[in-house]
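S.K.: Turn these sequences into a full structure, and let the hints steer you where they fit.
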Amino acid sequence: MLTLIFSYAMLLNGESGNPLLKIETGLIMWTITTFIVLVLVLGKFAWKPILEALHSREAEIADSLKKAEEAKKDAERMMQENKLAMDKASNETARLIAEGRAMAEQLKNDIVAKANESAKKMLDQAKDEISREKDAAMAQLRTEVAELSITVAEKILDESLDGAKQKKMVDKVLQQLQKN
Amino acid sequence: MFSWIISSEQTLSAADTARTAADTLHTASDSLAAGAHGGGAFDFNELLHHIYDAPKLELPWGYLHLPHFQLLGFEIVLTKHIVFLLFAALLLTVGLILAARSNTRNKVPKGFGNLVEILVVFIRDEIVLPNMGKGGLKYLPYLLTNFFFILVMNLLGLIPWGSSATGNINVTAGLAIIAFVMIQFSAIRAQGLGHFIAHLTGGTHWAMWPIMVPIEFLGLFIKPFALCIRLFANMTAGHIVILALIGLIFIFQNTAVGLVSVPLAVAVNLLELFVALVQAYIFTMLTSIFMGMGIQTEGHEGHEGHAQEHH
Numbered sequence: 266m267l268t269l270i271f272s273y274a275m276l277l278n279g280e281s282g283n284p285l286l287k288i289e290t291g292l293i294m295w296t297i298t299t300f301i302v303l304v305l306v307l308g309k310f311a312w313k314p315i316l317e318a319l320h321s322r323e324a325e326i327a328d329s330l331k332k333a334e335e336a337k338k339d340a341e342r343m344m345q346e347n348k349l350a351m352d353k354a355s356n357e358t359a360r361l362i363a364e365g366r367a368m369a370e371q372l373k374n375d376i377v378a379k380a381n382e383s384a385k386k387m388l389d390q391a392k393d394e395i396s397r398e399k400d401a402a403m404a405q406l407r408t409e410v411a412e413l414s415i416t417v418a419e420k421i422l423d424e425s426l427d428g429a430k431q432k433k434m435v436d437k438v439l440q441q442l443q444k445n
Numbered sequence: 005m006f007s008w009i010i011s012s013e014q015t016l017s018a019a020d021t022a023r024t025a026a027d028t029l030h031t032a033s034d035s036l037a038a039g040a041h042g043g044g045a046f047d048f049n050e051l052l053h054h055i056y057d058a059p060k061l062e063l064p065w066g067y068l069h070l071p072h073f074q075l076l077g078f079e080i081v082l083t084k085h086i087v088f089l090l091f092a093a094l095l096l097t098v099g100l101i102l103a104a105r106s107n108t109r110n111k112v113p114k115g116f117g118n119l120v121e122i123l124v125v126f127i128r129d130e131i132v133l134p135n136m137g138k139g140g141l142k143y144l145p146y147l148l149t150n151f152f153f154i155l156v157m158n159l160l161g162l163i164p165w166g167s168s169a170t171g172n173i174n175v176t177a178g179l180a181i182i183a184f185v186m187i188q189f190s191a192i193r194a195q196g197l198g199h200f201i202a203h204l205t206g207g208t209h210w211a212m213w214p215i216m217v218p219i220e221f222l223g224l225f226i227k228p229f230a231l232c233i234r235l236f237a238n239m240t241a242g243h244i245v246i247l248a249l250i251g252l253i254f255i256f257q258n259t260a261v262g263l264v265s266v267p268l269a270v271a272v273n274l275l276e277l278f279v280a281l282v283q284a285y286i287f288t289m290l291t292s293i294f295m296g297m298g299i300q301t302e303g304h305e306g307h308e309g310h311a312q313e314h315h
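Which chain is which? The protein sequence lines are A and B, in order.
For what it's worth, the numbering used here labels the leading residue of the first sequence as 266, then goes sequentially.
For what it's worth, the numbering used here labels the leading residue of the second sequence as 5, then goes sequentially.
By construction, these hints were calculated from the structure, which means they are not laboratory data.
Any given hint could turn out to be false.
[Said to hold, decoys possible] Computed footprint of chain A on chain B, listed as stretches where at least three residues anywhere in the stretch have a Cβ under 8 Å from a Cβ of chain A:
1) 52 to 59
2) 101 to 107
3) 138 to 147
4) 167 to 179
5) 207 to 214
[Said to hold, decoys possible] Lysine-lysine pairs mimicking DSS-like chemistry, simulated, CA-CA at most 30 Å apart:
6) A:Lys332 <-> B:Lys114
7) A:Lys309 <-> B:Lys60
8) B:Lys60 <-> A:Lys313
Using N, Cα and C, we set each Cβ at its ideal position, and we do this for glycine too.
M.R.: Shown next, in the form of structure tokens:
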């Protein structure tokens, strides 16, 4: 390869002698030597630490990202759980309220029913009482009338018992009774 | 396979264009310099030499001539581009070690360390992983160094009195040679030498081998050669355009031309800032793609044909 380039370059040089295309083996050697030394020195003292720092940082960043991702997943999971718990709690509350309401309704109905019942009972009692009182009053009246009749009869028997007078008296007594 | 042939032609023509452009400019500058010398006011060649390599540094107060010395029996010649090559390497070493320290110390990267990390992550996630898969990560230090080294060298050329080492074909050739070695090495390592050689047939019928093997073999060299030329041409082109725009002032011998030339040169300079980044990116990405072709054999069309051949 060297010979190829050299021969071509020599050809150019031979024709023109242009300083721009003059081949200087010394300078080529300088370049190669400098470059090799540079690769060795930089490889040990520059590229190695730079690339190592780069790799460790990249690994750290990847690790951090992974951790962040995991944390995010955890947080999401926890949020989901919280949401579920809250849903459950709110359902429970609704259920409790509904239950309470139903219970109160039941209670109210019971109370009203009981009140109605007792009112009816009291009314019935009152009615019974009244009819009883009425019956008693009637019975007493009857007794009174009977006694009165007897008294009247006694009085009449004491008087002269002529027919017309007797009739007039009985009417009078009956009239009195009706008045009473 | 056709695309490779086409790309090779493109490469050759690109090189031709670069050569022609450079030749024209050189001749033009020579005649201009002569004209300017006549006026005694300005040496245009001095301006053009800004993009040539030379054993001296341009400084605000003049030139600093660089030493050349003997070391272990080698003749060492320092030039402007070598200095900026080493300066870029030094800057990169210090800067990146500081960035590394900052990044390991701070859990959250900040400031310069953060900027470096953005680029590192970009190269890893947008260049290496899509083109090479996970198997490409072990070549990441090479590709990172490639990107940052080219980027810093490109940017140094935009600083006053600075110079892009990547504007020199020898530097880009050196980088391309390393890229070539890395591409073949990674391919052989991933699929074994036997498979690697078998791939040179392109999975075609044996009768096609006399055509396929040379094409595939040339393809191995043309890819990095294209990398070399592309980076060099791109980094030089911007400078040449700026020089041409500034040169217009001297051609017309009229300072009013500067009202047009200077804003245009500023615009080109800003464009170069963009090109500096884009070329570093393209060089790295193409290297990564070429390496990926060898590593990820399952995604390579040649391999499918190859598998059929085995049945």
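S.K.: Could you run down the list of hints and mark each one as holding or not?
M.R.: These are the hints, each one checked on the structure:
1. 52 to 59: holds (count 3)
2. 101 to 107: Answer holds; 5 residues pass the 8 Å Cβ test.
3. 138 to 147: holds (count 3)
4. 167 to 179: holds (count 8)
5. 207 to 214: Check failed, 0 qualifying residues.
6. A:Lys332 <-> B:Lys114: 25 Å, holds
7. A:Lys309 <-> B:Lys60: Cα-Cα ~33 Å, so violated.
8. B:Lys60 <-> A:Lys313: It is violated: about 37 Å lies between the C-alpha atoms, which goes past 30 Å.
Figure legend: structure checked against the earlier numbered hints; hints not met, in rising order: 5, 7, 8.
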